[in-house]
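Going down the list, the sequences are from chains D and X.
The first sequence finishes on residue 113 if you use our numbering, and the numbering steps up by one all the way, no holes.
The second sequence finishes on residue 396 if you use our numbering, and the numbering steps up by one all the way, no holes.
Hints were generated in silico from the structure; no laboratory data involved.
Glycine residues also receive a C-beta, built at the ideal position from the N, C-alpha and C atoms.
Some clues are possibly wrong.
Listed next, with one range per pair, are the computed distances between beta-carbon atoms [to be verified]: (1) D:Ala52 x X:Asn312: 52 to 60 Å; (2) D:Leu93 x X:Gln381: 45 to 53 Å; (3) X:Gly104 x D:His51: 43 to 51 Å; (4) X:Gly272 x D:Phe83: 23 to 31 Å; (5) X:Thr316 x D:Ile85: 16 to 24 Å; (6) X:Gly172 x D:Thr81: 35 to 43 Å; (7) X:Lys162 x D:Phe83: 21 to 29 Å; (8) D:Thr86 x X:Glu158: 45 to 53 Å; (9) D:Asn60 x X:Asn312: 22 to 30 Å.
Partial list, computed: chain D residues near chain X (C-beta under 8 Å) [what the hints assert, rightly or not]: (10) Leu44; (11) Glu63; (12) Asp68; (13) Gly71; (14) Gln74; (15) Glu89; (16) Leu92.
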Amino acid sequence: MLDARIRQFLSQMLLIDFGDHADGPNEHTNLFESGHIDSFGFVQLVAFLETEFAITITEDELLSESLSSFSSMRAFVAQKIGQ
Amino acid sequence: MNEATDVQICARCVLPSTFPGIQFDAQGLCTLCHSAPTVAEFERTRKDLRGRLEQLFDATRGKADYDVIVAFSGGKDSSYTLMSLARHYGLKCLAVTIDNGFIAEQAQKNLRTVTSALGVDFMMFTPAPSFMQRMYRTSATTSVHSDAALTRASSMCNSCIGLINNYMVRLAIEKCVPLIAGGYIGGQVPKDSVIMQLDLDVQSRFRSLAVKRYLRHFGPDAQGYFGLSDDLVSAGRLRTLHIVNPMLGFDVSETQIINEISTLGWSRTTDTGSNSTNCLLNDLGIAVHYKQHGYNPYVNEIAEQVRAGLMARDEGLLKAGDIPEFAQVVRQARAIGLDWNDV
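So that you can see chain X by itself, here it is in the shape it has in the complex:
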């Protein structure tokens, strides 16, 4: 257990001294703020990224049944991503949701409402609940992910993201869709990941290494959820595909995002905590991560939004400081068979 005591907070962003690999100078600025661009530089970078995205979209549009598969959770960021790609960029989207068994009721309504309002095709995949519960429980109690990955999201979220990403790649190969879009924002994924070209042979080899770990941790069923077989890759017509995270290029605050998607009929959930707009397990992931590492797993993304001028620091401090007590997440822990003493 790693309880945070006497924690220093960066004077510019919201990173705490418990965050791995950072130090503070005499003025109280953290290492990441020292090397961070100014707000104006952030804006120029985002403009450049939008230009690169537009070029890619222009080169992709109209060449397959779908231009893009959008990994769509029903949360605010993926809803905004879907809205932008369908409406602003005129891409033919296939919205795909992984039902992890813990999508809040309002978020389930949002999935239907948003896709219906945008007139885009929508499909859902529901992995076996027994596997998902084991995956979450194991992620909460054993070391599954790299230290770097844990600075971007909780272990439970990292496992879920890995499963989702792999499903999207498999679906893109099967349906011959050259583009996959995620709704990740700055701090959730590295800056280099706004446009990633994926060579499928390389990806297949990479997955074969990664899946060994997942098999060890989650059991034999992990092969089906995290593996990418050579046979699937060689049978498909695609040799490469692009994965994009357009939110890294958008100049929008959380308030602007919610205002925009509300016009589609999207409504905020009331039972998913202050850092999620779709998942009932999210607060449990935060509580577990805080107990093990002493900082909120969302603090990196919140700090990045503050540095980029997309969130006020006071708002960021409130969000980063919102750590659920175990009593608040005991129901979720029971739902995945998690004993708090094992965390």
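For reference, chain D alone in the conformation it holds in the complex:
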């Protein structure tokens, strides 16, 4: 569920899909370094995660690598909601 919701958001809102192209992003790609998420995308991502999973993301967490890739954001949200 968690996995699917994040994937759906990334695909529908940020047009990021994993595995379609060999040279495309994978689940471990740093999406900020690769340019797949820009500053507006970052705002959308944080708003989505906080609303969808009823969590609050702190400044320290924003400064960490927690949201940099699909795998890290999935692990981060799972830890926040105790899954």
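Based on the hints, put chain X in the right spot on chain D.
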């Protein structure tokens, strides 16, 4: 090259089947129209957004030399934004223009006329023309921006917007101004961006990642235009600032906007195409984007205005269908050293 052929257009808005990530149902409605609010819901949302903006303005007013830096292009939307913030909300504004070297002559007059009529301070920053031309040329020929960003604006416009936004943040830090306002409308920026709180430490880290791409594409000078150094952030007194796009909360059509700002002496340009009121390069950006992606880069914003009840669909269809031929933009292409065969 991705030429659009047999393109289906949404029955409610104006999105074409070439627009990324959308599908059509049996009635011809696009994915975005399916999940879109009704016109009445749009109006309620805008009213709520205006309330949030007013609270923020009340909390900000009178605490610094300027209440707000307004990213002011001289176009209709940023002129209306400046007018609203200065007159309606009584904020002390600093209007700031980035001269990209391609501001139409009438738009340059509008910059002076509008700021003078409103009695607001005005300053302009002119990046080196050689850098700007390289930035535009590279943006037209290489993949610089995310797919999502390209649904909101052309690659050339995205690069320019990034440079402008970064300059405004740096200026806000230097001048200790807690608020930056842009004139973006629905579809040009995400809905979440009507009020964005920016933690400057987070922003500095974010920019350091983004600037690597810009350095790779635009060369070493990009650091000065797209970077946000830790030293600048730590030396400033601000820890956070707010970026607002008030137009997302206003109930105004394009006609109403132009009628209002005309009272300040603003006049429409005649040489910037049907989707810009300030930039001579805009039509080139549209032509390049259409050649590469098969849809008008303004179509998302036009579709959103139609859904929100702020533009008639027929008018939207006309605007979205106005794609310049290369022969119409060859002069602009030459001005940035762009070879059409490289697009």
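| Hints not upheld, ascending by number | 4, 5, 7, 9
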